[in-house]
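With the hints as constraints, model all of the structure from the sequences given.
So the sequence lines, in the order shown, correspond to chains A and B.
For the first sequence, numbering that gives the first Met the number 0 assigns the number 0 to the initial residue and increments by one for each residue that follows.
For the second sequence, numbering that gives the first Met the number 0 assigns the number 0 to the initial residue and increments by one for each residue that follows.
Treat the hints as calculated values from the structure; they're not laboratory data.
A few chain B residues facing chain A, derived, Cβ under 8 Å:
(1) Tyr44
(2) Gln46
(3) Gln48
(4) Pro54
(5) Ile55
(6) Gly75
(7) Lys80
(8) Ala84
Listed below are the simulated EDC-like cross-link pairs for lysine to aspartate or glutamate, each with C-alpha atoms no more than 20 Å apart in a straight line:
(9) B:Lys27 x A:Glu89
(10) A:Lys217 x A:Asp166
(11) A:Lys143 x A:Asp38
(12) A:Lys192 x B:Asp16
(13) A:Lys192 x B:Asp21
(14) A:Lys498 x A:Asp275
(15) A:Lys75 x B:Glu87
(16) A:Lys192 x B:Glu57
(17) A:Lys75 x A:Glu261
(18) A:Lys237 x A:Asp176
(19) A:Lys209 x A:Asp155
(20) A:Lys192 x B:Glu41
(21) A:Lys75 x B:Glu79
(22) A:Lys75 x B:Glu57
(23) A:Lys75 x B:Glu25
(24) A:Lys75 x B:Asp6
(25) A:Lys162 x A:Glu212
(26) A:Lys192 x B:Asp43
(27) A:Lys192 x B:Asp61
(28) A:Lys75 x B:Glu56
(29) A:Lys192 x B:Glu56
(30) A:Lys75 x B:Glu83
(31) A:Lys39 x A:Glu344
(32) B:Lys27 x B:Asp6
(33) B:Lys80 x A:Glu261
These figures come from a predicted structure and were not determined experimentally.
All C-beta atoms in this analysis are idealised placements derived from N, C-alpha and C, irrespective of residue type, glycine included.
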Amino acid sequence: MELNVIGQDASQATESSCASGSCGSSNDQMDTIPQEIKDKVKNHPCYSEEAHHYFARMHVAVAPACNIQCHYCNRKYDCSNESRPGVVSELLTPEEAVLKTKAVAATIPQMTVLGIAGPGDPLANPERTFDTFRMLSEQAPDIKLCVSTNGLALPDAVEELSKHNIDHVTITINTVDPDIGAQIYPWIYWNNKRIFGRKGAKILIEQQQKGLEMLIAKGILVKVNSVMIPGVNDEHLKEVSRVVKSKGAFLHNVMPLISEAEHGTFYGIMGPRGPDPEELQDLQDACAGDMNMMRHCRQCRADAVGLLGEDRGEEFTLDKIAEMNIDYDEAMKKRAVIHQGILEELEEKEQKRARLKGAEVPAASVATRPVKMAVATSGGGLINQHFGHATEFLVYEASSTGVRFISHRKVDQYCIGGDTCGEKESALSGSIRALQGCEAVLCSKIGYEPWSLLEDAGIQPNGEHAMEPIEEAIMAVYEEMRVDGRLDQVPEQIAELAKA
Amino acid sequence: MALSIVDSCVNCWACYDVCPSDAIYESKPHFKISARKCTECEGDYAQPQCASICPIEEAILDASGAPMNPLGTLTGIPPEKMAEAMQEIQAR
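Okay, structure coming up:
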């Protein structure tokens with residue numbers, strides 16, 4: 000059965016009137032983005048839901064210094080088991096970063112994008128950041144460069160940014176209101192002073208907005224990241240979305256706050272906790288009304304390597320790189336062939352989707368309730384991962400109008416370093432918690448123990464669609480549920496979640 | 000008259016970049032301030048620059064050994080709350 004995966008249709012996007020976002024206003028496909036921008040980002044895993052299954056990215060940690068403090072960040076911890084921004088294991092000099100980038104690009108030819116994202120703020124480390132970009136532009140011209148910043152030093156950096164191979168900049172904008180800013184940013188370092196509270200937040204906001212406008216004027220693509228902080232900026236992010244879109248940002252990425260006491264951050268200690276997946280989805284749906292949203296963001300470490308959601312950094316430590324003998328000219332030839340192959344495959348899929356667009360979806364004749372299902376995948380758009388190996392699940396929503404990607408859910412693994420490292424709650428209960436709200440989980444295989452625990456939790460494990468394309472398998476399961484009459488009533492645990 | 004860096008330093012380089020006297024140098028296990036070169040920014044800035052950008056409370060001390068940024072002043076986390084949370088985590 001061929002199925003239509005719902006694309007973005009702004010005309011259908013309404014305010015929050017459509018319950019659980021099941022009205023077909025999914026914005027995670029990039030349909031409303033102009034063709035020239037699509038062409039620029041088609042091999043960028045962070046910007047395209049499609050591309051991230053095929054292309055890989057890496058971050059090099061050359062930018063340790065920061066010029067602001069955010070209440071969700073703590074620079075004290077470095078633990079290899081943690082995966083969140085601001086955490087790295089090994090700081091690199093620009094020269095080391097270039098060596099590492101070339102080693103990764105030769106070993107993982109799908110790697111198309113090199114980003115500098117910290118662990119501090121790249122533009123608070125202009126020399127280290129721009130030295131790295133300059134050398135890479137010369138030595139590895141087939142790699143796209145991008146940078147992520149809090150925006151404070153952005154206006155002064157725009158000229159230099161426009162000189163390198165950088166056509167994407169990400170600005171983290173959590174607010175456009177200084178009063179809200181004062182609850183997120185305790186201080187900034189500005190004009191040789193530490194400036195606290197609202198006054199500092201106001202300067203930061205002005206610099207972010209000015210930087211955004213200057214980048215757009217230069218023709219550089221801008222993505223905006225926002226951290227959803229429940230009770231602080233959650234409602235306000237709809238306004239942020241509207242403002243940054245009106246100024247020309249092409250994507251808005253609303254990410255959940257990561258906040259546990261173990262992190263030692265202000266929010267971790269004082270609250271709030273991060274939003275639950277439903278709250279996040281509701282806000283993303285609400286913001287989607289006037290903004291292109293992305294939902295596959297993994298909030299990577301500032302030294303992550305590989306496909307989104309995976310981290311192969313361990314294979315490329317400085318000692319290991321020293322032993323590799325990289326002939327980059329040779330590697331570039333190989334990379335070009337592989338990139339071409341992937342792009343052709345993506346093009347084929349795109350054409351197939353275009354053909355199917357408007358084709359009738361069989362189940363659409365009678366409107367049935369939407370169902371969330373989780374998938375264990377290691378990439379390639381296939382159901383190809385063992386349940387027990389999944390460190391995250393992709394969550395899709397099936398309804399009588401098709402399938403749409405909703406979010407990824409991490410299986411939490413936190414530690415505070417030292418002796419407590421490795422003492423985490425059993426991975427299984429973490430997995431089950433991550434699947435809250437889902438009625439089925441599709442994976443290549445699953446063990447007996449998790450099978451029965453999942454059933455007890457009201458989540459149907461399903462290993463019958465191993466190696467099948469995700470959307471088709473989900474629609475097949477949905478169709479089975481329809482035939483079995485399981486769409487006629489909402490299961491108890493789902494109804495309870497909706498009430499909460 | 001000189002400031003000093005103690006072992007809570009996380010080696011983030013921020014102070015190194017802003018020191019007007021080139022008094023800060025990379026060292027193991029953490030950055031250090033040359034007492035000979037440090038002027039506490041007198042004549043250059045109203046506030047010592049390293050202590051104005053350092054994100055870690057109590058990592059930089061004044062000449063008398065008192066922290067330039069006491070506990071709670073940068074993160075806004077009351078020290079007793081932090082202690083409470085850490086105790087709770089250790090007890091798990």
